[in-house]
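S.K.: Bring the two chains, given one by one in their own frames, into a single complex with the hints.
For the protein sequence lines, the chains are A and B, in the order given. With full-length UniProt numbering, letter number 265 in the first sequence gets 265, and the count goes up by one each step, no holes. With full-length UniProt numbering, letter number 152 in the second sequence gets 152, and the count goes up by one each step, no holes.
Any given hint could turn out to be false.
[What the hints assert, rightly or not] Covered stretches of chain A, as calculated for chain B (at least 3 residues, CB under 8 Å): (1) 68-80; (2) 122-133; (3) 246-253; (4) 299-313.
[Stated by the list, open to error] A few chain B residues facing chain A, derived, Cβ under 7 Å: (5) Gly-119; (6) Asn-122; (7) Ile-137; (8) Gln-173; (9) Gly-174; (10) Glu-178; (11) Ser-202; (12) Glu-333; (13) Val-335; (14) Tyr-338.
[To be verified] Below, in silico cross-link-like pairs of lysine to aspartate or glutamate (EDC-like), each with a Cα-Cα straight-line distance of 16 Å or less: (15) A:Lys-33 / B:Asp-272; (16) B:Lys-274 / A:Asp-42; (17) B:Lys-360 / A:Asp-321; (18) A:Lys-33 / B:Asp-271.
Think of the hints as simulated: they come from the structure by calculation, not from any bench. All C-beta atoms in this analysis are idealised placements derived from N, C-alpha and C, irrespective of residue type, glycine included.
If you want the building blocks of each chain, they are given just below.
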Amino acid sequence: MAKLTMIKAITAAMDEELARDEKVQIFGEDVGKNGGVFRATDGLQAKYGKDRVFDTPLAESGIMGLANGLALTGFRPVPEIQFMGFIYEAFDQIAGQMARYRFRMGGSREFPITLRTPYGGGVHTPELHSDSLEGLVAQIPGLRVVTPSGPYDAKGLLISAIRSNDPVVFLEHMKLYRSMREEVPDEAYTVPLDKAEVKQAGSDVTIISYAYMLQASLQAAKDLEKQGIHAEVLDLRTLAPLDEDTILESVKKTGRVVIVQEAQKQAGVANQVARLIGEEGILYLDAPIKVVAAPDTPYPFSQGEEPWLPNKKTIEKAVLDTVNF
Amino acid sequence: MKQLDFEALKHSPSFKPLSVLNEQGDVVNEDMMPDLTDEQLTELYKQMLWSRIVNDRATKLNRQGRLGFFAPTAGEEASQLGSNFAMDKGDFLLGGYRDVPQLVKHGLPLAKAFMWSKGMVNGNKYPEDLAAVPPQIIIGAQYVQTAGVALGLKKKGAKQLAYTYTGDGGTSQGDFYEGMNFAGSFKAPALFFVQDNLYAISVPAKVQTAAKDFADKAVAVGIPSIIVDGMDALAVYAASRQARDYIVAGNGPVMIETLTYRYGPHTLSGDDPKRYRTKEEEDAWHAKDPVVRMKNFLTKKGLWSDDKDKAYTEEVDKEIDDAMKEVESQPAESVAEYLQDEYEVTPPAIQHELDRLNSKEGK
Ligand SMILES: Cc1ncc(C[n+]2csc(CCOP(=O)(O)OP(=O)(O)O)c2C)c(N)n1
Numbered sequence: 001m002a003k004l005t006m007i008k009a010i011t012a013a014m015d016e017e018l019a020r021d022e023k024v025q026i027f028g029e030d031v032g033k034n035g036g037v038f039r040a041t042d043g044l045q046a047k048y049g050k051d052r053v054f055d056t057p058l059a060e061s062g063i064m065g066l067a068n069g070l071a072l073t074g075f076r077p078v079p080e081i082q083f084m085g086f087i088y089e090a091f092d093q094i095a096g097q098m099a100r101y102r103f104r105m106g107g108s109r110e111f112p113i114t115l116r117t118p119y120g121g122g123v124h125t126p127e128l129h130s131d132s133l134e135g136l137v138a139q140i141p142g143l144r145v146v147t148p149s150g151p152y153d154a155k156g157l158l159i160s161a162i163r164s165n166d167p168v169v170f171l172e173h174m175k176l177y178r179s180m181r182e183e184v185p186d187e188a189y190t191v192p193l194d195k196a197e198v199k200q201a202g203s204d205v206t207i208i209s210y211a212y213m214l215q216a217s218l219q220a221a222k223d224l225e226k227q228g229i230h231a232e233v234l235d236l237r238t239l240a241p242l243d244e245d246t247i248l249e250s251v252k253k254t255g256r257v258v259i260v261q262e263a264q265k266q267a268g269v270a271n272q273v274a275r276l277i278g279e280e281g282i283l284y285l286d287a288p289i290k291v292v293a294a295p296d297t298p299y300p301f302s303q304g305e306e307p308w309l310p311n312k313k314t315i316e317k318a319v320l321d322t323v324n325f
Numbered sequence: 001m002k003q004l005d006f007e008a009l010k011h012s013p014s015f016k017p018l019s020v021l022n023e024q025g026d027v028v029n030e031d032m033m034p035d036l037t038d039e040q041l042t043e044l045y046k047q048m049l050w051s052r053i054v055n056d057r058a059t060k061l062n063r064q065g066r067l068g069f070f071a072p073t074a075g076e077e078a079s080q081l082g083s084n085f086a087m088d089k090g091d092f093l094l095g096g097y098r099d100v101p102q103l104v105k106h107g108l109p110l111a112k113a114f115m116w117s118k119g120m121v122n123g124n125k126y127p128e129d130l131a132a133v134p135p136q137i138i139i140g141a142q143y144v145q146t147a148g149v150a151l152g153l154k155k156k157g158a159k160q161l162a163y164t165y166t167g168d169g170g171t172s173q174g175d176f177y178e179g180m181n182f183a184g185s186f187k188a189p190a191l192f193f194v195q196d197n198l199y200a201i202s203v204p205a206k207v208q209t210a211a212k213d214f215a216d217k218a219v220a221v222g223i224p225s226i227i228v229d230g231m232d233a234l235a236v237y238a239a240s241r242q243a244r245d246y247i248v249a250g251n252g253p254v255m256i257e258t259l260t261y262r263y264g265p266h267t268l269s270g271d272d273p274k275r276y277r278t279k280e281e282e283d284a285w286h287a288k289d290p291v292v293r294m295k296n297f298l299t300k301k302g303l304w305s306d307d308k309d310k311a312y313t314e315e316v317d318k319e320i321d322d323a324m325k326e327v328e329s330q331p332a333e334s335v336a337e338y339l340q341d342e343y344e345v346t347p348p349a350i351q352h353e354l355d356r357l358n359s360k361e362g363k
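Next up, chain B with everything else stripped away, as it sits in the complex (with noise of 0.2 Å):
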């Protein structure tokens, strides 16, 4: 594939989205398209397909009581899981609430991210090889986390980078700058993603700078950044490789801009988007869903079918539901764990709380 050209990005972000795919699943920049096995192209489509199926089944399980938060990610699969598909597994992964995909992709039992969603600490309780954090609710805050994760990868001489994201909104936030400044200056391997889906929330893109692209934001820092078309897996990964073989090489970081948008409403706790957007505009966007495009490119190939579609939702189904039976059969949480897990060495005030609370449910 064609070499994008990063140092010349550090001054001009390209504004012309890349694409690889047209809407139609056809191949339109031969010079962009990524080499991958055939085996590759279906791994990437079925991870898009397994999130669209574990969005319409956690919106169902939310809706019952069964689940808890859940922000929707259906229409993001391509700028998710895309750009998921070029990290290695010891990149360490910093996410929003919205990131869960990547992070289940990356490693995270599926049943631990359902625990996430229902508000359970034993969510969080990671593996020790996953090299990933808990998705983060404060906007802004992983990206100057990224920042102090990648120069530590620096320092310890990994081959390795720290990948971030943050929504259109996030970009406002003086961590967002503070965080691709800092991995700038310290020329530290970072890949900073901005998932533009249009609002945060309710706001329009538009309302969050005069900038004309999230894109211009990286010049300012004077890191590459480049915007693709989001709803392109291909496109999406063809950057994202690239990003990655640049960074880790040890140029410094990159960031990346997608052009996406989401479906659904920003979470199951209470978001109207007829409130602020037009069923046009739904529909339009509808029309570039990233899942039916990459289905439509491998049916051409002829590596994919309806009947494969099926079959692999059923797998899922499967897997969803076993993931709910781990979650359903919890203990429940005390405040006497809460407070044992809380420091090291148990403070003597937090001690005597403890004893208190022990011999009370004693009683």
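Bound conformation, chain A alone (with noise of 0.2 Å):
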């Protein structure tokens, strides 16, 4: 056990699997000599070579590609797609193909493609680099979207997404790259995907999200359990499909709901949480849901970010409404 970063558990998830399986492929732009922009993939060339770990040709479509074609031959590829806004180059092989390949054939193909890739906001970048897209690729069926919310479930998750054999879009959010640290296991392990998490049990409200802004969540959580407030943290982790279950049972138990996304109101994965809570758990609320969500215009430059993007005080202030209904 050690105390690591998120862009350190990641490492270690790919370097567990790469020395596991001769089949795992780790590719993209700069993850050779160069170990990634973020680093996550540090080291891996050295130690496993330029046939497992290699630099690519600029072009997110033939990253994606190259995704397919190795899974059809037998290969089990990580791809890497530096920032999650370049995947609109990449789409049709995300959508049109990675998704469908399986259904398409009838179930006789396996996909086992774990594609990885930076977003989230915070961390004045450029344009297209910070957007939460999680929502365009949850919304496509074949797919299993997951982000994890700290080093542990990184680690953890990457592992399970790798041995699945069915593509997985794994979103890193680069605010937690380094920004905190947690005990992570020296050997592998792995957390199941499809399963949310309670991170805080409480009674008097539930509050849903993930990745950066669940640990937003956790400490907005934290503030208002000195006014009297208990409420329960849930970590999605799966975004599509979703665990129902985890959700709706916490529902029952708090009757109040606000759940918390990074990405605009009219995107994303909020609005299915809420749909799934209007559908089957109705009759368990006592107040209206709340969403905090970022406003809906396009994610802005650096400038603006910090009023733009919902954090603690947002989440607060939805929490007390929801409560004081």
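M.R.: Dropping the structure here:
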């Protein structure tokens, strides 16, 4: 056990899987000698060679086409798209191809692909480097969309994703890469896909979130505790398909819900969670569902990020509104 | 100057890079010496020196947290400004994140370029008469749009072209090929630059393709291409000027590959060139410094001196200080402003969001 940052936990997961399964292939822009622009693949090319960990030409559609092709020849590809804003370039290979191939071929082929990509705001990037596009991929049947909220889950979920024979889109929030450490076992372990986790038990209200906003929600819950409000905090971890049982169980228990995402209000996963609760949990509710999300504009330039992004304060305010309804 | 035969270059690009000056700044190719006046030659050098100074100051300002995103340009002055110098004010520029010097010399106020670096939307509110778009972040996107702008210019009967830049890495995108192919198919007035600085962040140019040169890629779409010494401003200018004349005469697009080198890191956001290139390689390219080469040429002609360098540097420093003052006196941006500017006619849902926001901010 060692206290690791999330980026190190991610590297460790790939290291384990490269060692365990010779079919694992890691590739993308700058992932080789340079170890990736965030150093997620640092040292892996030196350790496993250029056949297993390699740079590609600069083309996202090419990278995902290569992943699909390698999957068709029995490999276990772990491609990296350097920033999630660049998946638009590869959207047909992801949505039109990777997600449907198994279905298209009646389940007669496996697509054990794990697409890793960083996303998320608050780190002052140029345009199209910070967008939370998880809603776009979460609406594509055939994909699993996974995003960890910290180092421990990152390693376990990434190992599960790589071992899964279904295509997984594995989203890494950039603000979590180096901002916190957790105890992470040295050996390989798995955290199950398709399972949300109750991060903190509570009785008054359920806060449902994921990734960086999950950490902000935990901080908000801590402050609310001082005001006598016991919030239950749920980490979705897998954004699609949703763990409906865990969500509904918690809503049944608390009767109040605040869903928190960094993406815009018109985009995404929060709407899907609200739809589920509206359809199957509405009779448990004592107050309307609240969604904390970013305003409906494109992701702003860096000077506009701070007022635009949801934060601990906006989460607290939504919880108070819900509790005092 | 000797006429380049663009029709012949359609099927067999010139593999031997075109050069005019050697590393010492002597003219080695009289035939291709562009017919520029002493004043114009001096102006071209001043633009290059300006760019080097801005590069060095912007790097420092970034480290101090006074500027944001910056992609260093040192080493690429001949490629960027030698080409830009051949364009007219009405030509439409679609550059990438590193092509800020061209944008400023095409008419964008320096303060606006700095605001863009800091991440202020005001930096992208362009003067009406500026034929350009903000630096493109998505690699390749500008290439396809260039075909569209060029076709628009053609439809309007403008004697103008669209010009765009990408790097060695950018040539791998599908958009790169699509842009050139569309422009070729429509015989649209477009000029495509590939600035080959040997690396796409850390990835060596030879990983990008099995083609011997990037200029080969023009052959497949049936447009002429030429390779030039990208450390030689006069060679870049000569090829660009002639390409512009050929394109504006209605002959269709051209691609120019410039061989150049970036002296600094990829951007200032954590890239460390020591991880992927050698000191020997860097030294070899510093010996070809495009700014020094042009200065030597002018000095030998009696047009420039160290004193003039010094005086001009002071001028540019002042220009940068003034621009920074403007940047630092900008009001804070607000979400309400973003929502207001988002649609021509604000839809009710957005208006509700605005109302909620304003009532909150009012309190
Ligand atoms: C579509 C897309 N993919 C990836 C990136 C990330 N990225 C930014 S610059 C760069 C390398 C570009 O290299 P090159 O085209 O040679 O231009 P240079 O930066 O060397 O001028 C990469 C991979 C991006 N901005 N857009």
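S.K.: Hint by hint, say whether it matches the structure.
M.R.: Hint by hint, here is what the structure shows:
no., hint, verdict
1, 68-80, "violated (count 0)"
2, 122-133, "holds (count 6)"
3, 246-253, "violated (count 0)"
4, 299-313, "holds (count 8)"
5, Gly-119, "holds, 3 Å"
6, Asn-122, "violated, 9 Å"
7, Ile-137, "holds, 5 Å"
8, Gln-173, "holds, 5 Å"
9, Gly-174, "holds, 6 Å"
10, Glu-178, "violated, 11 Å"
11, Ser-202, "holds, 3 Å"
12, Glu-333, "holds, 5 Å"
13, Val-335, "holds, 5 Å"
14, Tyr-338, "holds, 5 Å"
15, A:Lys-33 / B:Asp-272, "holds, 12 Å"
16, B:Lys-274 / A:Asp-42, "holds, 15 Å"
17, B:Lys-360 / A:Asp-321, "holds, 14 Å"
18, A:Lys-33 / B:Asp-271, "holds, 13 Å"
Checked against the numbered hints above, the structure violates hints 1, 3, 6, 10; every other hint is satisfied.
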